[in-house]
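Peer 1: Please model the entire structure based on the sequences and the hints provided.
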Amino acid sequence: MSILQSIKNAVRSRSIHVSYIDVGSCNGCDIEVLACLAPRYDIEQYGIYVHNNPREADVLLVIGSVTPQWEDKLRNIWEKIPAPKAAIAIGNCPISGCVYARKGSLTTPPVKNYIPIAAEVPGCPPRPTEILSAILSVAPLIFKDYEEKQS
Amino acid sequence: MKKTVDVSIPLGPMHPCWKEPVRLKCETAGERVLHTEVELGYMKKGIERIMRGRPWQEVMFLAERVCGICSVVHNMVFIEAMELISDIAVPPRAACLRVVANELDRIASHLIANFSYCYTIEHETLAMYLLNTRETVLDNLERLTGSRINTAYMIPGGVRFDLLPEDAATMLADLAKVEEELKRYVRIFETGPLIGLRSRGIGYMSREDAIRAHTVGPTARASGVEDCDLRLRHPTYRALGFEQVTRTEGDNFARVMLRFQEVFQSIDLIRKCVDTLPAGHIRGGGLCRAGEVSYSGEAPRGELTYTIKTDDFGRVLDIAIRTPSIMNIEACAHYMVVNATSIADVTSTFISSDPCIACNER
Chain X
1 MSILQSIKNA VRSRSIHVSY IDVGSCNGCD IEVLACLAPR YDIEQYGIYV HNNPREADVL
61 LVIGSVTPQW EDKLRNIWEK IPAPKAAIAI GNCPISGCVY ARKGSLTTPP VKNYIPIAAE
121 VPGCPPRPTE ILSAILSVAP LIFKDYEEKQ S
Chain G
1 MKKTVDVSIP LGPMHPCWKE PVRLKCETAG ERVLHTEVEL GYMKKGIERI MRGRPWQEVM
61 FLAERVCGIC SVVHNMVFIE AMELISDIAV PPRAACLRVV ANELDRIASH LIANFSYCYT
121 IEHETLAMYL LNTRETVLDN LERLTGSRIN TAYMIPGGVR FDLLPEDAAT MLADLAKVEE
181 ELKRYVRIFE TGPLIGLRSR GIGYMSREDA IRAHTVGPTA RASGVEDCDL RLRHPTYRAL
241 GFEQVTRTEG DNFARVMLRF QEVFQSIDLI RKCVDTLPAG HIRGGGLCRA GEVSYSGEAP
301 RGELTYTIKT DDFGRVLDIA IRTPSIMNIE ACAHYMVVNA TSIADVTSTF ISSDPCIACN
361 ER
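If you're matching them up, the sequences are chains X and G in order. Take the first sequence: its position 117, counted from the start at 1, is 117 in this note's numbering, and no numbers get skipped. Take the second sequence: its position 202, counted from the start at 1, is 202 in this note's numbering, and no numbers get skipped.
What the hints contain is simulated information worked out from the structure, not anything from laboratory work. All clues given are correct.
Selected chain X positions facing chain G (Cβ under 10 Å, derived; list incomplete): (1) 22; (2) 23; (3) 28; (4) 32; (5) 39; (6) 40; (7) 41; (8) 53; (9) 70; (10) 73; (11) 100; (12) 102; (13) 104.
Lysine-lysine pairs mimicking DSSO-like chemistry, simulated, CA-CA at most 30 Å apart: (14) G:183 / G:272; (15) X:8 / X:144; (16) X:112 / X:144; (17) X:80 / X:144; (18) X:149 / X:80; (19) X:103 / G:309; (20) X:73 / G:25; (21) X:112 / G:44; (22) X:73 / G:44; (23) X:80 / X:112; (24) G:44 / G:25; (25) G:25 / X:80; (26) X:80 / G:44; (27) X:103 / G:44; (28) X:8 / X:112; (29) X:149 / X:112.
Backbone N, C-alpha and C define an ideal beta-carbon position, used for all residues, glycine too.
Peer 2: Structural data, given as structure tokens:
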């Protein structure tokens with residue numbers, strides 16, 4: 001491993017830009033992601049920065065089972081994120097559809113039919129600490145040695 | 001007069017200020033925003049279609065997943081509607097505990113609404129203070145109900161868990177701390193000159209417009225609409241001596257300040273409930289029967305109505321939910337952000353009306 005690559009690995013594991021997207025949930029998971037910002041959990045001490053711009057993001061948090069409006073837009077947003085990138089499914093909805101995967105529903109879960117999912121955090125909704133630990137454990141693994149894997 | 005529109009700016013569906021996807025189309029002339037249009041439909045899951053034909057035991061869990069922020073009140077209104085149909089009495093202790101859970105949820109919801117507003121006007125310090133205070137409130141809700149967000153606390157004829165004496169003592173101590181902290185934050189909000197510049201006089205809606213637009217909840221009360229809080233008609237709240245908070249300014253500042261005032265009021269209500277908690281059972285029991293009813297309750301955002309039709313086995317044959325945000329969002333687009341000075345005021349005004357898109361579209 002080159003010196004440049006090891007520097008990049010070290011920097012990337014402590015500088016994760018997060019963008020979150022709600023594709024049709026009860027917004028219980030949205031507010032748990034927001035709760036991660038609170039000083040109690042203090043997401044920024046781990047170098048995670050939450051803002052909602054996919055063009056600057058490294059990690060995309062996907063919340064909710066997919067509604068018809070999002071079917072094409074979800075792929076577009078995923079393509080806008082610069083590589084290396086990872087998507088994490090937050091809550092039961094993107095994994096299985098949770099209560100919305102029933103007869104009469106308009107949603108089409110799971111999210112992994114639309115974009116590649118790196119990690120899944122089950123729960124309805126998961127606790128902020130679980131979301132935090134998922135981001136922290138997955139992102140460095142995916143971003144490690146990215147340039148060397150490419151060549 | 002011919003309207004000259006320079007450019008139509010879309011805000012959303014993915015926007016740093018929105019918690020949930022919604023799209024606003026702003027027609028601008030220079031910096032000025034002439035007209036705004038709301039485009040909904042990004043969160044339509046068809047939850048009422050799923051509910052039809054299912055037993056109440058399942059619909060109860062679906063009802064609180066209409067909205068994550070105010071899930072307790074969805075649970076409460078659905079269960080109280082079922083009790084009204086089936087003529088089930090609630091033990092007095094359970095009725096008081098329902099108020100405690102509902103008010104804790106209301107505090108959490110109002111705090112996150114004010115957090116969003118402060119975040120939108122870029123006062124991040126105050127926003128983070130409020131978010132941290134909300135965690136303390138959610139801790140108490142978790143200690144009472146066993147869950148932070150989707151609690152499923154109420155059932156026909158009572159509640160699931162009792163409030164233990166030591167939890168009650170912790171709750172009162174925590175609420176005293178929350179009240180003390182909030183007094184400081186309200187002072188910061190009230191006296192901050194830059195907050196005043198971004199909030200006072202922005203997004204004004206008169207009392208007549210508020211009534212014409214059928215606004216509900218804090219948005220209506222901040223414009224001076226009297227007698228629009230359904231807690232005034234709820235028997236348990238009436239016994240606690242509940243009085244509605246009203247402000248007359250009708251701008252963004254009034255809407256945020258009204259929510260702060262309601263938080264203090266909710267803390268007082270919880271204190272009264274815990275201090276005068278009647279002894280006895282928390283579950284009375286009863287069978288859900290056939291019938292049809294339309295029942296409303298006061299959600300953190302306003303009037304929430306459930307229209308339910310059940311059969312003899314307690315199955316929900318037909319259900320219609322009317323959530324508060326839809327009126328407030330339309331009022332926001334038609335009255336508050338007409339002729340706004342800049343596009344930055346559109347986001348802050350929209351957030352000040354506390355839109356809940358998941359509620360809205362279900």
